[in-house]
Every structure is written in C-alpha cells, then in structure tokens.
Amino acid sequence: MAVIAKNNPNIKVTIVDINQERINAWNDSDTSNLPIYEPGLAGIVEETRGKNLFFSTEIDKAIDESEMIFISVNTPTKTYGKGKGMAADLKYVELCARNIAKVAKTDKIVVEKSTLPVRTAQAIKSILDNTGSDVNFSILSNPEFLAEGTAIQDLLNPDRVLIGGESEEAIESLASIYGSWVPESQILRTNVWSSELSKLTANAFLAQRISSINAISELCEKTEANVDEVAKAIGMDSRIGSKFLKSSVGFGGSCFQKDILNLVYIARSYNLQAVADYWEQVITLNNHQKRRFADNLISTLYNTVSGKKIGFLGWAFKKDTNDTRESAAIYVADHLLNEQAHIAVYDPKVSSVKIQSDLNYLNTRSEDENKRLIEAKDSPYEALNDAHAVAIMTEWDEFKTYDWHKIYTKMKKPAFIFDGRNILDQSKMEKIGFDYYSIGK
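Residues in the sequence shown are numbered consecutively from 451, following our numbering.
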C-alpha cells in the first residue's frame with residue numbers, strides 16, 4: 451500500500467486494522483518504530499503518510515468510503531479440525547468479507563491479497579453476493595510475489611504483477627494503478643483460479659530448489675564434494691539458473707511451508723495422492739535438514755550438550771528482516787533445549803520477547819523452562835562469551851565483520867563453529883583455532 455500510494459499521489463490509500471497498538475506504531479512520528487523492518491519502507495511511509503497514505507482503526511468508515519478493498523489478513527495453516535497442519539485457515543478472510551458485506555452501500559472491487567488456496571475467491575463472492583442488497587462486488591485475485599528483506603525493491607521493479615478475475619472493468623482499474631510504475635508487458639491478466647494457483651506453485655518451485663540443493667549437501671558431506679562448487683557449476687547452466695541454490699540449515703518464512711502444505715492439502719482433497727506425496731517431500735527434506743544440523747552439533751560436542759552454553763547468531767528466517775516465522779533457528783533451538791542445552795541468542799533485529807513467544811508457541815516445555823534455558827543478548831560478544839559452540843542461523847552481513855579472534859579467546863576450548871549459512875571463511879576460522887563445520891562440505 452505504501453508503494454501504491456507513493457506512485458499514485460492522486461489515490462487515497464487507507465490501511466485499517468482492529469489492533470489499535472499496531473496502528474499507533476504505524477502512525478509513530480519516529481519511523482524507526484514501525485512494526486515491520488524492511489529496507490526502504492520507512493522512507494516511503496514518511497513521504498506519503500498524512501498526504502495520501504493513512505493508518506486507522508475505523509474499519510467501517512474506510513469500507514464505506516472506498517471503491518477498492520484489498521483483503522490482506524493472514525491465512526495461517528490450521529491448528530485445529532479438518533485439514534489441521536495442512537489446510538489454510540480462512541476464518542480471518544471470511545470475517546473480512548462479512549464485514550464488507552455488512553457495511554458496503556456502493557459497488558466495490560474486492561482484491562484478495564493474502565496467500566490463499568484455490569477457490570477462495572468463490573467463497574468471498576458467495577458471502578458478498580448473499581447480502582440481500584443490490585451492491586455489486588467484483589472479486590480479483592492479486593497474489594504478492596515480493597520477498598522479505600527486498601520487498602520495496604521487488605515492488606518497485608516487479609518481475610510480474612498478476613491479476614486474476616472475471617470482470618474486465620475491475621481488472622483494468624487495478625491494472626491502471628500498477629501501470630503508473632510497472633510496464634504494461636509485466637502486468638499479466640488471468641482467470642482467478644490460475645492466479646491463485648500460480649502463487650502456490652511459484653513458492654513450491656522456489657522451496658523445491660532449496661530442498662534439492664540441501665539434499666545434495668548431505669551427499670557432499672559424505673564425499674569430497676563441496677556443495678557451493680556444485681551449486682555454482684549447475685547454476686551456470688542457463689536452463690537451471692543460479693538463484694535459490696544456496697544450501698543452508700533449511701528454509702523458513704511464512705509462505706514456503708504454508709503454501710506447499712496447502713498445495714498438498716488441495717491435491718489430497720481431489721485424491722491426487724502422487725502429486726501430494728511429491729510436494730510433501732520438499733517439506734520432509736527441509737525438516738530433515740534442520741534436525742540433521744542440530745544432531746550434528748550434539749554429536750560433535752561429544753554426544754552431550756546438557757548444561758553447555760551454545761551461542762546462536764541470528765533468529766530471523768533470513769537477513770534484512772525481523773520476521774521469524776518458521777525460522778530454522780526455532781526448530782534447531784527446540785531440539786537442543788530438549789537435550790538441556792543453554793542457548794544465548796543475538797539477532798540485530800529480533801527482540802527477546804519474540805524469541806520466547808516463538809518457542810512457547812511450540813508447547814514443547816513450560817514458559818518458565820524456556821526462560822531459564824534460552825536468553826537474548828544485546829551484543830554478539832556477550833552471546834558467545836564462555837560458549838562451547840557458535841551456531842550461525844541467519845546470514846546477516848554483519849556476522850562476517852566480527853572480531854573472531856576476540857570471540858575465540860572468550861569461548862570454551864575446543865571452540866566450535868557450526869555455520870548454518872556457509873558465510874564465514876573456513877580457512878580463516880581454522881587459522882584462528884576454531885573447529886569449523888558448515889553445510890555440504
């Protein structure tokens with residue numbers, strides 16, 4: 451919405467939420483307090499806020515005054531009932547649709563922006579059309595392909611903008627908004643089902659590439675191969691390309707796992723078992739990679755981490771974001787805590803409150819026990835002081851610039867590094883004295 455407002459000064463954009471605290475943070479005069487950290491976002495909010503970008507909790511007023519409404523609520527994986535652990539939970543989307551139906555007195559274009567399973571547009575349409583009023587609703591699907599950490603750049607220069615719908619007039623009015631900065635050739639118009647399925651498929655293909663290279667990383671560790679060299683060699687093949695071939699402790703983020711599980715659930719609901727099994731394997735391998743990293747750390751530390759301090763560098767699921775959803779760090783930490791390890795975490799953008807809530811959400815142990823076993827530190831040197839091992843969980847650039855000599859002198863010996871992101875220079879670390887382990891080497 452911020453980028454749309456920036457590129458369309460004649461359009462008034464209002465973002466509404468039921469959470470007053472969240473809206474207050476978006477209205478904070480100090481833009482370093484915005485709830486989401488994303489390079490370039492604060493500048494755009496500063497430039498547009500109060501001119502044609504507004505943040506409010508007056509939901510009904512905003513619905514009433516609008517001509518186009520984007521539904522951008524979360525669609526988490528269900529934690530209950532039918533489809534638990536796989537299907538998307540659409541209750542927030544449905545509540546939005548019902549709210550729009552209740553308030554709207556004039557025709558509206560409703561755009562589904564959340565990552566949604568195929569056929570959601572139909573459900574929204576059916577709710578909106580059964581209001582008993584003569585208001586006309588056009589439903590569009592406009593999935594989001596931005597990546598966190600590079601979201602602003604991805605929005606300013608998108609590979610493609612996808613708009614799915616039935617009403618040509620509605621499609622063109624949304625296309626004209628994007629057209630103020632996106633070349634016409636990059637705005638794709640499809641039917642709703644293709645649009646919705648394209649989003650799930652795009653994420654499934656990207657995640658599949660990561661699981662593919664991670665599967666090869668385990669083979670590399672058993673042979674004399676180096677996974678980075680293999681990735682570089684295959685990436686130079688123009689049919690394959692070099693993106694998403696970085697081997698690591700495993701992918702995280704709110705979309706990959708959720709969207710693949712959704713794809714699996716849809717396939718199973720149509721009894722397409724081979725299709726479902728194929729895509730589910732991408733998740734199975736990702737979980738295996740996280741577990742393998744933790745097991746390797748335990749076995750290297752003489753088969754016990756009980757009472758040992760392990761320093762974690764990074765908790766976000768990738769660099770340049772404060773988003774921790776499905777981060778590998780959460781699952782690796784949980785596994786180590788089961789073995790009674792003591793973990794100290796340093797992440798430049800993630801708060802200790804978030805780290806505790808991520809672990810408490812798993813319900814593996816009591817909140818008091820989590821508090822006792824894991825703590826966040828304000829500096830990397832503090833987190834690694836007296837540690838038996840360092841686990842690098844996020845590829846923040848600053849980790850490469852630390853004084854690793856100083857860190858080595860303060861750690862227990864032998865001092866181990868488990869580089870889950872392959873960002874440090876192995877020969878330099880070994881020269882300092884570290885026992886260095888990485889992925890796929």
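Calculated directly from the structure, the hints in this document are not laboratory data.
Predicted, not measured: the structure shown is a model, and the values here were computed from it.
Note that CB positions come from ideal geometry on N, CA and C, so glycine has one too.
Please note that a few of the clues may not be correct.
Stated by the list, open to error - Label pairs and their calculated CB-CB ranges:
| no. | residue 1 | residue 2 | range |
| --- | --- | --- | --- |
| 1 | Q876 | S576 | 24 to 34 Å |
| 2 | K462 | D727 | 45 to 55 Å |
| 3 | S877 | N788 | 14 to 24 Å |
| 4 | D510 | F694 | 20 to 30 Å |
| 5 | D480 | A675 | 41 to 51 Å |
| 6 | E634 | N813 | 18 to 28 Å |
| 7 | Q572 | K511 | 44 to 54 Å |
| 8 | D609 | G883 | 39 to 49 Å |
| 9 | D727 | D478 | 44 to 54 Å |
| 10 | Q876 | F694 | 36 to 46 Å |
As the list claims (entries may be wrong) - Dumping the calculated DSSO-like pairs for lysine-lysine here, alpha-carbon to alpha-carbon at most 30 Å:
| no. | residue 1 | residue 2 |
| --- | --- | --- |
| 11 | K804 | K541 |
| 12 | K891 | K878 |
| 13 | K528 | K799 |
| 14 | K891 | K821 |
| 15 | K693 | K862 |
| 16 | K759 | K860 |
| 17 | K759 | K693 |
Going down the list of hints, with the structure as the test:
1. Roughly 58 Å separates the CB atoms of Q876 and S576, a value that falls outside the hinted 24 to 34 Å.
2. For the hinted restraint 45 to 55 Å between K462 and D727, the CB-CB distance of approximately 49 Å keeps it satisfied.
3. The supplied range of 14 to 24 Å is broken by S877 and N788, whose beta-carbon atoms lie about 34 Å from each other.
4. In this structure the supplied range 20 to 30 Å is violated for D510 paired with F694, their Cβ-Cβ distance being about 43 Å.
5. For D480 and A675, the hinted distance range of 41 to 51 Å is satisfied, since their beta carbons lie about 50 Å from each other.
6. Range check, E634 to N813: about 50 Å between beta-carbon atoms, so the 18 to 28 Å window is missed.
7. The hinted window of 44 to 54 Å between Q572 and K511 is violated, with their beta carbons roughly 29 Å apart.
8. In this structure the supplied range 39 to 49 Å holds for D609 paired with G883, their Cβ-Cβ distance being about 45 Å.
9. A beta carbon spacing of about 48 Å between D727 and D478 agrees with the range 44 to 54 Å that was offered as a hint.
10. At roughly 23 Å, the beta carbons of Q876 and F694 sit outside the given window of 36 to 46 Å.
11. The straight-line distance between the Cα atoms of K804 and K541 is roughly 24 Å, inside the 30 Å bound, and the hint therefore holds.
12. For the given pair, K891 sits about 16 Å from K878 by alpha-carbon distance, which is consistent with the 30 Å threshold.
13. This hinted pair checks out: K528 and K799 have alpha carbons roughly 28 Å apart, not beyond 30 Å.
14. A C-alpha spacing of about 35 Å is found between K891 and K821, which places the hinted pair above 30 Å, so the restraint is violated.
15. Taking the CA atoms of K693 and K862, the gap is about 38 Å. The hint is violated against a cut of 30 Å.
16. For a cut-off of 30 Å, the pair hint linking K759 to K860 stands: about 12 Å separates their Cα positions.
17. Taking the CA atoms of K759 and K693, the gap is about 35 Å. The hint is violated against a cut of 30 Å.
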